[in-house]
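Respectively, the protein sequence lines represent chains A and B. First residue of the first sequence? That's 10 in this note's numbering, and the numbers climb one at a time after it. First residue of the second sequence? That's 10 in this note's numbering, and the numbers climb one at a time after it.
It is possible that some hints are incorrect.
Same chains, same names: a pair is fine if it fits in one copy or spans any two.
EDC-like mimics (lysine to aspartate or glutamate), calculated; alpha carbons at most 16 Å apart, straight line [claimed, not checked]:
| # | residue 1 | residue 2 |
| --- | --- | --- |
| 1 | 43 | 120 |
| 2 | 47 | 73 |
| 3 | 43 | 137 |
| 4 | 208 | 176 |
| 5 | 47 | 207 |
| 6 | 47 | 137 |
| 7 | 208 | 112 |
| 8 | 86 | 32 |
| 9 | 86 | 35 |
| 10 | 62 | 32 |
| 11 | 208 | 173 |
| 12 | 47 | 32 |
| 13 | 219 | 63 |
| 14 | 219 | 202 |
Read the hints as simulated data drawn from the structure, not as lab findings. Note that the structure is a prediction, hence the values are computed from the model and not measured.
There are 2 protein chains.
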Amino acid sequence: MTLTLAIDSDPQAYSAFTERQNDVLESALRLLVKGGDKALTTAGIARAANCSKESLYRWFGDRDGLLAAVVSYQASKVRALGPGVMPETAAAFRAHLVRFANDLLNVLSGDMSLALNRLAIGQASRSDAHLGGLVLDRGRNMIGSRAGALLEAGRACGFIEYDDANDAFRTLYGLIIRDFHVRLLLGDTLDADEAAFDKQAQVAIDQFFKLYGLPAKGGV
Amino acid sequence: MTLTLAIDSDPQAYSAFTERQNDVLESALRLLVKGGDKALTTAGIARAANCSKESLYRWFGDRDGLLAAVVSYQASKVRALGPGVMPETAAAFRAHLVRFANDLLNVLSGDMSLALNRLAIGQASRSDAHLGGLVLDRGRNMIGSRAGALLEAGRACGFIEYDDANDAFRTLYGLIIRDFHVRLLLGDTLDADEAAFDKQAQVAIDQFFKLYGLPAKGGV
DNA sequence: GTGGTACCGTACGGTACGGTTCGGCACTAA
DNA sequence: TTAGTGCCGAACCGTACCGTACGGTACCAC
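Using the sequences plus the hints, can you model the full thing?
In structure tokens:
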């Protein structure tokens, strides 16, 4: 659902660009956040980055290639938040989940994430839209990697129980995000309660334990 | 989050258009679903609807006015699914919730809903984007009207318990939709499990009762 | 018939954008 | 010094689109 938390062992795999090219991509990203997809023209990017259009086309081949490069760049920029740690107590496991929920809320509400998701969604209708798939892959990467491992560790330690890991994760996601993401994508603003991510995260994790927790160790 | 279930007592308030104009809007909607926002040009709409561009501009004033009219038209097309019924038994209440969940899944996965949401999201970054707010209003209308009344009725009858109605609804929404909507918006396809809306709806409502149900009457 | 109105089909002006080309500058290597 | 390379800035081309204007047609009122 986002790109800013992609976990990959090799940072070069996603950002195989030179320093100068990364600067250009950063400029493009700022331009996108500031003015939306309409402002992301090749001339505008070249102007903002103090480079020529010729270089843009030499480096990224195409406008679509440039957009894909922006996505890849952003994915490689903010990477893993730290290695997975095996929780030893129920409280530690719960804290990990709360932290994950908090991170997810913060990431999805970020300017860059919203701008890139809007861009990908806006052109997802066209048949040649590989951008949406790209965003999904990176988002799925992050989610599958971090949350999946976390849930599995919790289950191995006997704090929670579920049949299908994917299903459990999606429920966790739903409890955390609710209609939050779509509303932000549509331009809505958050009310005071929703802006308190800490509280929201704790409530969501409480509910998750109520659904999947084992009363003996990690339940209510 | 969608427009296809707007509930309004006065159908004319949202579709104050002539028969001919509604035909044109219907053509525009089909065009949007077929080719995405890129295909929704004034010339294309005029061609598809067998009308002149001059008429488009006389009727809707502007291209943005035309898009807003499309949204309003779609909102007024599929209206309330029936008056709210006071559930008398816990089983009936649960059936109502399952039906609501099923409807929500079907609506949000519909072609028209996805196309319009993509359109609104794609241009939600610009400051003059009233389209996202329009979609939100209509979606919120539907949600607040139907689900809110349903939950309130269930609480009045003692089947569920909650402090904040808005909060309870958002949890319900999260349990039903999860990451379903955003993934579809990004162009993802559903796996077999997710395409079984009936099963998904029942599971979501089971989970909702586990969180908000009163064990005596409506709980697990 | 005559004027008015609403409409269609088409063509046009203006603009914006994607992509290409060209001249020029700085730097490097022989 | 000369040739080559990488890049910038700017001009350019073809295209697509928005919004408007114009000619022609059907219908209605009087």
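Consistency of the hints with the structure:
no.	hint	in the structure
1	43 to 120	within (9 Å within a copy, 30 Å between copies)
2	47 to 73	both (14 Å within a copy, 15 Å between copies)
3	43 to 137	between (26 Å within a copy, 14 Å between copies)
4	208 to 176	between (24 Å within a copy, 13 Å between copies)
5	47 to 207	neither (34 Å within a copy, 40 Å between copies)
6	47 to 137	between (19 Å within a copy, 12 Å between copies)
7	208 to 112	within (13 Å within a copy, 31 Å between copies)
8	86 to 32	within (12 Å within a copy, 48 Å between copies)
9	86 to 35	within (10 Å within a copy, 44 Å between copies)
10	62 to 32	within (15 Å within a copy, 44 Å between copies)
11	208 to 173	between (28 Å within a copy, 15 Å between copies)
12	47 to 32	neither (21 Å within a copy, 30 Å between copies)
13	219 to 63	neither (58 Å within a copy, 60 Å between copies)
14	219 to 202	neither (22 Å within a copy, 23 Å between copies)
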